[in-house]
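Asker: Position in the sequence shown counted from 1, then plus 1058, gives you my numbering.
Because the hints were derived from the structure by calculation, they are not lab data. All figures in this text were calculated on a predicted structure; none of them were measured in a lab. Glycine included, every Cβ here is placed at the ideal spot set by N, Cα and C. Each hint should be verified, as a subset may be incorrect.
[Unchecked claim] Derived DEER-like restraints, expressed as beta-carbon distance ranges: (1) 1313 to 1403: 19 to 25 Å; (2) 1137 to 1193: 29 to 35 Å; (3) 1193 to 1659: 39 to 45 Å; (4) 1272 to 1364: 46 to 52 Å.
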Amino acid sequence: MLLGALLALLVLGGAAPASAHAALRSSDPADGTVLKTAPRALTLTFTESVGLLDGSFRVYDPDGHRLRTGEPGHADGRADTARVTLPGKLDEGTYAVAWRVVSADSHPISGAFTFSVGAPSPTSAPAATAPTEDAATRTLVDAARYTAYGGAALLIGAAVFLAVCRPPEEDPALRRPARIGWWLLLAATAALLLLRAPYETGEGPSAALDPGALARTVTTRPGWALLARLALLGAVAALARRTRALRTVGPVLAVALALTWASAEHAAAGPQVPVAMTAAVLHLLAMAVWLGGLVCLLTLTAPGRTLPPDVPARFSRLAFSCVTVLAVTGVYQSWRGLGSWQALTDTAYGRILLAKLAAVTLLLAAAAVSRTWTTRLATPAHAAPEDATTDTAAPEEARELTTAGIRTHTTAHPPNRPDKRTTPTPNRPTPPTVDEGAPKEPPAPNTGLRRSVLAETLIGVLVLVITTVLTTTVPGRAEAEAADTPPTVTSGLPGASVARVPFAVGSARGTVQVTLSPARTGDNAVEAVVYAADGGFASVPELRIAFTLPEKQLGPLDALTDRGGYWAADTLTLPLPGTWTMKVTVRVSEIEQVTVTREIQVTP
């Protein structure tokens, strides 16, 4: 209830205009523009600062040949722009531009657009020329990210557990999770450093062996963060055997390690960067302390080990503090990444966030069970009453209990009958008495606690995996900002109207860019390009566009053919001026399609 109330308050409280993950704000020349003369340079403006690559721009002429361009740079020293100079003379026709940059949160983004010189040409560069991601590199990077988060949780969580919750007699097994976490984090960080260059450029893993690529990586902010993480791990190893020094410097090292994530991911870009980075650091540390502590507690509850009751009690209080920090920082990060209730269901980021909330709910339920077992462990369930009689009670005490009407083992035997208690019966064990109607004994508190902690740990790992996926997903706020770009009318000769139409059906998300030229009465040319959610070209089985003029009951008029990479109609006659309704139908499979409408202004 508290999480829901805070989320509603923050989401409904408004949204800042900027967001993590850079989105293309504008381009010069604008997408679909028909220019009288060739431009001297191309300039892109983004919603946040971006890093440039050697191949950030690829420009193709009407015949599909790549042009020689200058070195990419920032326009007028502004970090949120990217510019490249073009050759001195460009032939008449349509040019395709494919671009790829690295946003301030360290994730590469890409896209493409077209412009024409003199008049549009019937053909354009094929879609395959756009920059794409290498699947093998992306898989390795994702695996290294998962491993890095898991290693940090083990290292930081185990260290805090040893400092705050360790038993009176230290168990050597408790140091094993910290050592495993250190090695996992070291290996994952080294892999991320090597794979950074091919991940940014979209190349295969073999490009990681290029010394020049590694040299360029270490000059970027993500490279600095990874190098700092390696240095911090070296400091941890140097202090590992100096317990007193590690306890003093340990909190500083833990915060510094968390900063290596916050400074190179979503928190480093968008609104309220100082607050966002603080929240990211606290969120990561709380997660690590909780999950890593669970692993240590699971170690102490193993069969054959003795668990002092005060150990889980101290960890329970520590875990409650972690949950509080996770709730507050998680709500803030959700608001910052979403921006609206609609993004919770209409964007991939929102749907993954809902999955994380469901997993966190299960985690809290498991934590509640663990807390119950912790209470039982601290209070013995079978404490003997004060007046209970032991097996060593004196005969007088036994006779007093007999006279009180309570059965005892001290009974009189009839005469001439031997005392069976004193007559040994060799090789004949006395069978135990079993009361079949008695209820089964509940599991011991130690066993029950181990089961609930194991469930809590497994669910915590699932939450950690989902969190890692969120860090590589375009935030809902940024996706909405990029998709909801209003239709623009670009000036030029003869002129054009460019509309970006976002669509969503099943698991498919993307945008259809429709260029209507010259957007005047008479003959017009229509060109449509389908982009995926990440800004790259996408291929769909069928695309239909129909124009109607409702006030004159005219239409629908449709004419669109597949040109191999884009869809176009050379001649579409719009006889009357006015506000036309453009209906865009996208079919993504044999059974899935969606129709979206937009209004287009046609002038006389």
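Asker: Let me make sure I understand: some of the numbered hints might not hold for this structure. Which ones are they, in numerical order?
Answerer: 1
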